[in-house]
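Please build the complete structure, drawing on both the sequences and the hints.
If you read the sequences in order, they're chains X and D. With my numbering applied, the first sequence corresponds to residues 98 to 273, in that order. With my numbering applied, the second sequence corresponds to residues 98 to 273, in that order.
By construction, these hints were calculated from the structure, which means they are not laboratory data. Think of the CB as a built atom: it goes at the ideal place given N, C-alpha and C, for glycine as much as any other residue. Don't take every hint at face value.
Beta-carbon label-pair distances, calculated as ranges [what the hints assert, rightly or not]:
1) X/119 with D/176: 27 to 33 Å
2) X/230 with D/258: 35 to 41 Å
3) D/241 with X/102: 48 to 54 Å
4) D/260 with X/106: 39 to 45 Å
5) D/242 with X/166: 51 to 57 Å
6) X/110 with D/200: 50 to 56 Å
7) X/150 with D/101: 51 to 57 Å
8) X/199 with D/126: 19 to 25 Å
9) X/122 with D/101: 57 to 63 Å
10) D/176 with X/147: 18 to 24 Å
11) D/123 with X/256: 44 to 50 Å
12) D/241 with X/142: 32 to 38 Å
13) X/208 with D/233: 39 to 45 Å
Cross-link-like lysine-lysine pairs, in silico, PhoX-like; alpha carbons within 20 Å at most [as the list claims (entries may be wrong)]:
14) D/195 with D/168
15) X/229 with D/184
16) X/229 with X/184
17) D/195 with D/233
18) X/215 with X/240
19) X/184 with D/229
Below, each chain spelled out in residue letters.
Protein chains: 2
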Amino acid sequence: MSEEINLIIRQAIPDDAENLLYTLNQIRQETDFLTMDENDVNISIEFQRHQLENIYESENNVLILAFDGEKIIGSISVHANSQHRIKHIGEIGISILKEYWGLGLGSILLEEAIYWAKESGIIRRLELTVQKRNQKAIHLYEKFGFQTETIMQRGAVDEQDNFLDVHLMSLLIDPE
Amino acid sequence: MSEEINLIIRQAIPDDAENLLYTLNQIRQETDFLTMDENDVNISIEFQRHQLENIYESENNVLILAFDGEKIIGSISVHANSQHRIKHIGEIGISILKEYWGLGLGSILLEEAIYWAKESGIIRRLELTVQKRNQKAIHLYEKFGFQTETIMQRGAVDEQDNFLDVHLMSLLIDPE
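Dropping the structure here:
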């Protein structure tokens, strides 16, 4: 990465469907740290578009995209359930193209998501799971105040189907 | 409950859809301990039937029903994801009609689910969440070897929208 990045951060809209799928498929093949891997079935553009519509219209869900020009290079999602008793709990998911790792994009996206959560008026707890071997990510989350609630045994498997420890981390959100 | 129960335990089939919805709606109104409450939208019989088909055909999902004669009086589900990295993690959900509480039905259902998990060859970790105030359920799970991994702050809200502590409990499953 010698060139500069023309960084744009904004919420996803339905028209981002195809572009997003393209990037997600690349990320799935590049990293072993995500729950979704290259063995998982691809979804259709139409289904992705429909999902983006639902997220865009939801009060307690968001998908924020990072672009380099017109290319999607990373994303952060906050997913919350519609059920009343748990609709204040948002689960965070981050993915970034490998080519753009190490540039602070994770921090930028996480800051945006936490800001969105505080503004939402609904989200009062953010949580996420992260493989213990992904120490860089764990340190990033800690930098933003996330605390490890527990390390779950057998929280995932690696590429050779060995069990992995997985951190459950959370951050309480209070409107400012 | 003065009469005897004509107890039948078996896996759910698609034809149970209507009967199951009837019981689940009643349970939702009776208890404050479930994530799903009376405010959540009802689903259609056709959708329920479709879900039961998927569960029945799945290798890492199951729904076991308890009947008193022809009436569904309780259920236990093990829900696992299809994604390769986490397909060995089964989440337990139990619900029982109030009229049938205190009769040991929870133990019977839990024993069936753990047996099914061991036989599945896929499930290697069972987990569940349970409100801290539901001490009877927590003791039941502990009796079967589940351990509290953490108590999650703001894991749910009560009837007055106050935050509740929620236990995350798990049990490792090894084929015998």
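May I ask which of the numbered hints given earlier this structure violates, with the numbers listed in increasing order? 4, 8, 12, 16
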